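Participant: In order, the protein sequence lines correspond to chains W and E.
If you're matching positions, the first sequence starts at 1 in our numbering and goes up one per residue.
If you're matching positions, the second sequence starts at 1 in our numbering and goes up one per residue.
Fair warning: there could be bad hints in the mix.
[Claimed, not checked] Here are the simulated DSS-like cross-link-like pairs (lysine-lysine), alpha carbons at most 27 Å apart as the crow flies:
#1 W:37 - W:274
#2 W:246 - E:5
#3 E:60 - W:246
#4 E:60 - W:100
#5 W:100 - E:17
#6 W:155 - W:60
#7 E:17 - E:60
Keep in mind the hints are simulated off the structure, nothing from the lab.
This one's a predicted model, so the numbers in the text were calculated from it and none came from an experiment.
One-letter residues, chain by chain:
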Amino acid sequence: MNEYTYPIVLGIIIGTSTRIYMLRTDYRQYPTYLHGKIIHIALGFIAAGLGTLAVPSILKEDFTAVTFLTIAASQFREVRNMERNTLTELDSLELVPRGKTYIEGIAIAFESRNYLVIFTSLVTTLGYLLANIWVGLIAGVIAFFISKILMAGGKLEDIVDVEYAEPRFEGAGLYVDNIYIMNIGLPERREEVLRYGMGFILKPKNFDARSTIANLGQRQAILHDVSTALGVYRDSGTPALVPLAKRDLDDGRIGVFILPQERDVEKAIEVIGKVPTLENAIRMPTERNVMKRES
Amino acid sequence: MDIEKFILAAVTTNPKKVPSGVAVFHCDTKEEMDTITTNLEAILDGIAHALSEEIYIIVKH
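Let the sequences and hints guide you as you build the complete structure.
Facilitator: Structure below.
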């Protein structure tokens with residue numbers, strides 16, 4: 001035991017607790033299983049250890065020891081690859097896949113959360129060593145909430161208005177409002193679609209949102225999340241019963257057609273609103289200088 | 001070149017309107033056409049699209 005023992009222990013506890021908090025299983029059901037959680041808690045523990053050990057190293061003027069953080073960075077990049085590979089493999093077995101953009105977003109989140117753990121444990125230990133345990137705890141709690149803010153991305157409800165629209169047929173063409181979804185040939189299948197199908201219109205709130213929801217990955221994420229939350233009326237060998245999202249080329253609205261097992265309009269609107277805005281789908285054409293000048 | 005979609009079969013009550021190069025199922029009535037298309041859709045894992053009252057195509061997406 002030396003003067004660094006308790007600060008290090010506190011940093012590791014706060015850092016690992018932050019990782020456990022960020023690992024909570026939500027409606028997306030990932031990670032669900034104990035073994036998946038153990039992997040991430042173990043990596044979170046390592047990240048907390050690295051973050052907290054950096055402080056005594058600096059205080060003892062052992063600056064070269066800080067270079068192990070670069071090793072940590074490459075290790076956590078490996079976490080991203082691991083998540084990407086696992087989810088891509090699993091995605092082929094989903095009735096409504098997540099899509100590559102969503103998977104990439106999840107993989108990035110898993111990597112970045114370890115950096116947030118490093119940050120949290122680092123400031124906790126730093127606070128403890130520079131002042132006392134209470135300052136360390138307060139610094140840890142502040143870092144915890146900063147991590148929480150940084151972890152929470154935007155939601156679709158921030159950029160679009162969601163409205164219900166009954167799906168309908170014009171001949172063999174399926175429409176949600178005036179947006180063409182697909183051609184369904186068999187009358188029997190059309191009846192199924194009308195019985196179980198639900199349609200929603202996503203109206204972009206601004207020009208940036210129009211480009212963001214046009215992204216195919218973002219649209220697939222909507223379909224996946226709604227199907228996960230409300231169930232899906234389909235099985236393998238029924239490709240006609242597939243949820244789809246199509247775009248109105250005139251005004252950028254998106255027509256979402258889903259086949260949920262639970263036909264609850266309010267809940268579906270809420271779920272669509274809570275779909276994360278994928279980092280890789282976000283576009284900001286209005287940030288271009290040309291657009292700014294015109295406005 | 002990756003072909004994402006292709007026609008697996010065509011089902012028709014009017015053989016004159018179906019092009020060559022695809023498996024064609026000739027039917028006498030609309031009801032027979034619906035029955036055969038339903039079976040083909042399930043067997044081939046494709047989607048039946050109606051081009052007209054007389055022609056269905058089963059497409060792999």
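Participant: Work down the list of hints and note, for each, if the structure agrees.
Facilitator: Hint by hint, here is what the structure shows:
1. W:37 - W:274: It holds: about 24 Å lies between the C-alpha atoms, which stays within 27 Å.
2. W:246 - E:5: Cα-Cα ~18 Å, so holds.
3. E:60 - W:246: Holds: residue 60 of chain E and residue 246 of chain W sit about 19 Å apart, inside 27 Å.
4. E:60 - W:100: 21 Å, holds
5. W:100 - E:17: Distance of about 40 Å is beyond 27 Å: violated.
6. W:155 - W:60: Status violated; Cα separation ~44 Å.
7. E:17 - E:60: 21 Å, holds
Of the numbered hints given earlier, the model fails hints 5 and 6; all others are met.
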